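Colleague: One-letter residues, chain by chain:
There are 2 protein chains.
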Amino acid sequence: MEVKNKYIVIKQNIDGAPEESDFELKTEPLSLSIEPGKDEVVIKNLYLSIDPYQLNRMKSPCAFQQSMNFAGSVIPGEAIDGYGVGRVVATGNPEFKEGDLVSGLLTWGDYSITKKVASKIEAAMLNKVETMGLPISYHVGLLGFSGVTAYAGFFEVCKPKKGETVFVSAASGSVGSLVGQYAKLFGCYVVGSAGSQKKVDLLKGKLGFDEAFNYKEEPDLKSPLKRYFPDGIDIYFDNVGGEMLEAAVENMNPFGRIAVCGVISEYTNKGRRAAPNMVDVLYKRIKIQGFLAADHVKGYKDFLSTTLEHLQVGKFHVLEDISHGVESIPSAFVGLFRGDNVGKKMVKVAGD
Amino acid sequence: MEVKNKYIVIKQNIDGAPEESDFELKTEPLSLSIEPGKDEVVIKNLYLSIDPYQLNRMKSPCAFQQSMNFAGSVIPGEAIDGYGVGRVVATGNPEFKEGDLVSGLLTWGDYSITKKVASKIEAAMLNKVETMGLPISYHVGLLGFSGVTAYAGFFEVCKPKKGETVFVSAASGSVGSLVGQYAKLFGCYVVGSAGSQKKVDLLKGKLGFDEAFNYKEEPDLKSPLKRYFPDGIDIYFDNVGGEMLEAAVENMNPFGRIAVCGVISEYTNKGRRAAPNMVDVLYKRIKIQGFLAADHVKGYKDFLSTTLEHLQVGKFHVLEDISHGVESIPSAFVGLFRGDNVGKKMVKVAGD
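Chain order of the listed sequences is A and B. Position 122 of the first sequence, counted from 1, bears residue number 374 in my numbering, the numbering being contiguous throughout. Position 324 of the second sequence, counted from 1, bears residue number 576 in my numbering, the numbering being contiguous throughout.
Bear in mind the hints are in silico, worked out from the structure with no lab data behind them. These numbers come from a predicted model, not from an experiment. For each residue, glycine too, the CB sits at the ideal point set by N, CA and C. Where hints are given, some of them may not hold.
What the hints assert, rightly or not - Some chain A residues close to chain B (C-beta under 7 Å, calculated; not the full set):
#1 N521
#2 R525
#3 L534
#4 I540
#5 G542
To be verified - Every beta carbon over 12 Å from chain B, so not counted as near; a handful from chain A, in silico:
#6 E271
#7 P281
#8 R339
#9 V341
#10 L560
#11 H569
#12 K600
Said to hold, decoys possible - Here are the simulated BS3-like cross-link-like pairs (lysine-lysine), alpha carbons at most 25 Å apart as the crow flies:
#13 B:K413 with B:K458
#14 A:K413 with B:K411
#15 A:K380 with A:K550
#16 A:K311 with B:K474
#17 B:K411 with A:K411
#18 B:K550 with A:K413
#19 A:K413 with A:K450
#20 B:K468 with B:K456
#21 B:K600 with B:K256
#22 A:K411 with B:K458
Looking at chain A on its own, in the form it has when it is part of the complex (with noise of 0.2 Å):
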C-alpha cells in the first residue's frame, strides 16, 4: 500500500528569527510495506514536538555547532527530525509491531521511518509507550523532555531547599510552568516572568505562583527582581539569557545556583550576548550550569513517580498548545520565538 507523505522541511540555513517563509512543504509517495529482510519501522505521527533548540540545528554551518554533539544539523531540502509519538503501521522489526504507541525521534511530517532516523544518530531512541491512562499528547511534551528537564534541572542542578526563593524565566513556557509548580509543591517560595499580562494571570491563579511580571513591561529587568526578591534569589533557572541572566546575577544571593536551560533570547539574535556580572559570580560563589535532559536518564523513575503523584491529587496543571496538521509546523515553530504559545507547543499530525 503507498500513501501521500507531506513533510516540511527548511530551504536554507537560518540564521536569525526564523518565519514562515523559510519552510516548505514536500509530497512523496510513501510505501506501507516493507521489503523483505529489512527491520525498518513506519510510524503514522500523531503528535510531534515544536522546540526551540530546532533553531540552533537549522543554523549555517559553524564552529558554535561542535558544541551540539546531541544533535546533527538539519539540512536543507531534507526531512526534519524531532521527538513525537507515532502508531506503527508497517514494521519489519521484531520488537515493534502494528499498532504498538511509541515515541522517539519522529519526522516533522505524516510518517517517519525509523531507518532514517537511526542513521543520523546512532540509535533510533525509539520506544514503546505506556499510555497510563493519561492522554497521548502528555507523553510527548510532561513526560517527554519538558518534564524531565524541569525535574532534572530544578532537583538535580539547582538542589532547592525548602523555603528558598527560585526565579524562572518564560515561565508560562513547556519547562518553565513545570518548574514553578516543582518548585512550589516543593515548598519554595516561587516568581515567574512572562511575555504578556495573560500569562501573568495564569501563573499567579492557575499555576500558583507567588508571583509573576510582563518583563516587556519593565524598562529595567532588575527593578521587577528587586520588588519581588527584598531578600534575593536563590535559585535561577533560566530559559531565556541575556539581560534576565545579568539582572538575575546581580539579585542573586550567596551561594545562589543558576541552571541554563535555554538561552532563547540569543537564539534569533547572534549579536545579544549575556555579560553576567563575573564579580558577584565570585564574591556570591554562584553555580551557573548548563544541562540537558539527555544526562539525566537515571533520575528519570524518580521524575515519574513524583509527577503521577501531582497529577492524581489533581495539583499539578499540564499546559499545552497544540496546532492541527502538518502544514501548521512552521508556524507553530516561528511562533516560539514570538512568545505565543502558552504551555507545550505541540503539532497534532493525527487523530489516533
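We have chain A; now place chain B onto it with these hints.
Modeller: Below, chain B without anything else, positioned relative to chain A:
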C-alpha cells in the same frame, strides 16, 4: 613604651586602576603597654599579604559591594586590614603571650592591634603559627590563602580526573602558579597564560607546565587555546575574567568546569565585562562556579598534608615576590594590576 607606627591609608575611594598617589603614609605614636582589663593584642608585623581583591574594598560604595559580605569597605584615611604574619609584642589576652608568632588580619603598617580588627569583622582571626621548619613567608602565601585557594578551587570546585586538560590564567601569580603545579602532580595536562616571555619561560621551565603563552602577544585569545588544546579544555581555572573567559568557554569540552577565582581584568575597568557564550554553556553543560577559600576550611588538613608532601620531595616551587618596608606597600599593590609580580606578592615589614 611608645613607638612610632607608620601605616598606609587611601586618600579617597579608588574606582579605576590604582596609582601610588592614591595612597598616603601616616605616622602615629603607639603605646606598647596594654591598659589593665583590656584584652588587646599588639603585633609587630613581619610579612603582609598584598592581594588584588583589596581594590574592590577601596571602590566607592555601590550595590556591588553588598556581595562582598566577607570583608568590609576600606575607609579613606583609616588603617587597612589585610592578611599577614607578625609577632606579639604586648598582650592583655591570656591566649597569646609576648613573642608568639601569629597570623591573621593585620594592618598595612608596622604594627597591628587586634581590637580594631575584631570590631570590623567580628572574629579577630588571629592564630598562632607553627612554622614546621618552613620560612615565615610561606605562612603568608602558600600556607595562607593562596595555597588553600588553589587547592580547594582545583580539587573541590573543578573535581579533576587524571589525564584531563587544564588551563590556568594568570598562571605565574600566587594562586595560578600553585594550581598548575597541583594539576601537573595530579596527572593533568596543564597550560598557563601569563603577561611576559619571562613568565612563560618560568612556567614551562621551573614549574613544569606542559605549555604556556604570553597573552599580550595574542591578538585573538581563542587562537592559543585552539593551538594548545586541540582536543578541548576540561578545566579552566579563571583568575582574570574578561576576554579570556569568553575564549575559554568557546574551547571547553562537554561537561567542562570553570572555577572563578578572580576577575582581575574587571577590577580596574568597570565597563569591560565578559560575555561568555551561554549557548555553549548550555549545550556543553559547562559549570561556572565562583568560590572563596574561606568556604573550604574543612579541606585545610588535606591541603596541608598534600602540600607538605610535595614540598618534602622537592617537587613544589613556591614563587614569592617580596618588597621591603611599609613605604613599599602602595607600589607593591599598584604593581599587581600591571602584572609586575611573579608569584605571591608580599611586603616584608620587619625582620624576625
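Colleague: It remains to establish, for every hint, whether it holds in the given structure.
Modeller: A quick look at each hint next to the structure:
no.: 1; hint: N521; verdict: 11 Å, violated
no.: 2; hint: R525; verdict: 4 Å, holds
no.: 3; hint: L534; verdict: 4 Å, holds
no.: 4; hint: I540; verdict: 4 Å, holds
no.: 5; hint: G542; verdict: 4 Å, holds
no.: 6; hint: E271; verdict: 21 Å, holds
no.: 7; hint: P281; verdict: 37 Å, holds
no.: 8; hint: R339; verdict: 32 Å, holds
no.: 9; hint: V341; verdict: 34 Å, holds
no.: 10; hint: L560; verdict: 28 Å, holds
no.: 11; hint: H569; verdict: 27 Å, holds
no.: 12; hint: K600; verdict: 29 Å, holds
no.: 13; hint: B:K413 with B:K458; verdict: 24 Å, holds
no.: 14; hint: A:K413 with B:K411; verdict: 24 Å, holds
no.: 15; hint: A:K380 with A:K550; verdict: 18 Å, holds
no.: 16; hint: A:K311 with B:K474; verdict: 22 Å, holds
no.: 17; hint: B:K411 with A:K411; verdict: 18 Å, holds
no.: 18; hint: B:K550 with A:K413; verdict: 22 Å, holds
no.: 19; hint: A:K413 with A:K450; verdict: 30 Å, violated
no.: 20; hint: B:K468 with B:K456; verdict: 17 Å, holds
no.: 21; hint: B:K600 with B:K256; verdict: 18 Å, holds
no.: 22; hint: A:K411 with B:K458; verdict: 42 Å, violated
In summary, the structure is inconsistent with hints 1, 19 and 22 from the numbered list given earlier, while agreeing with the others.
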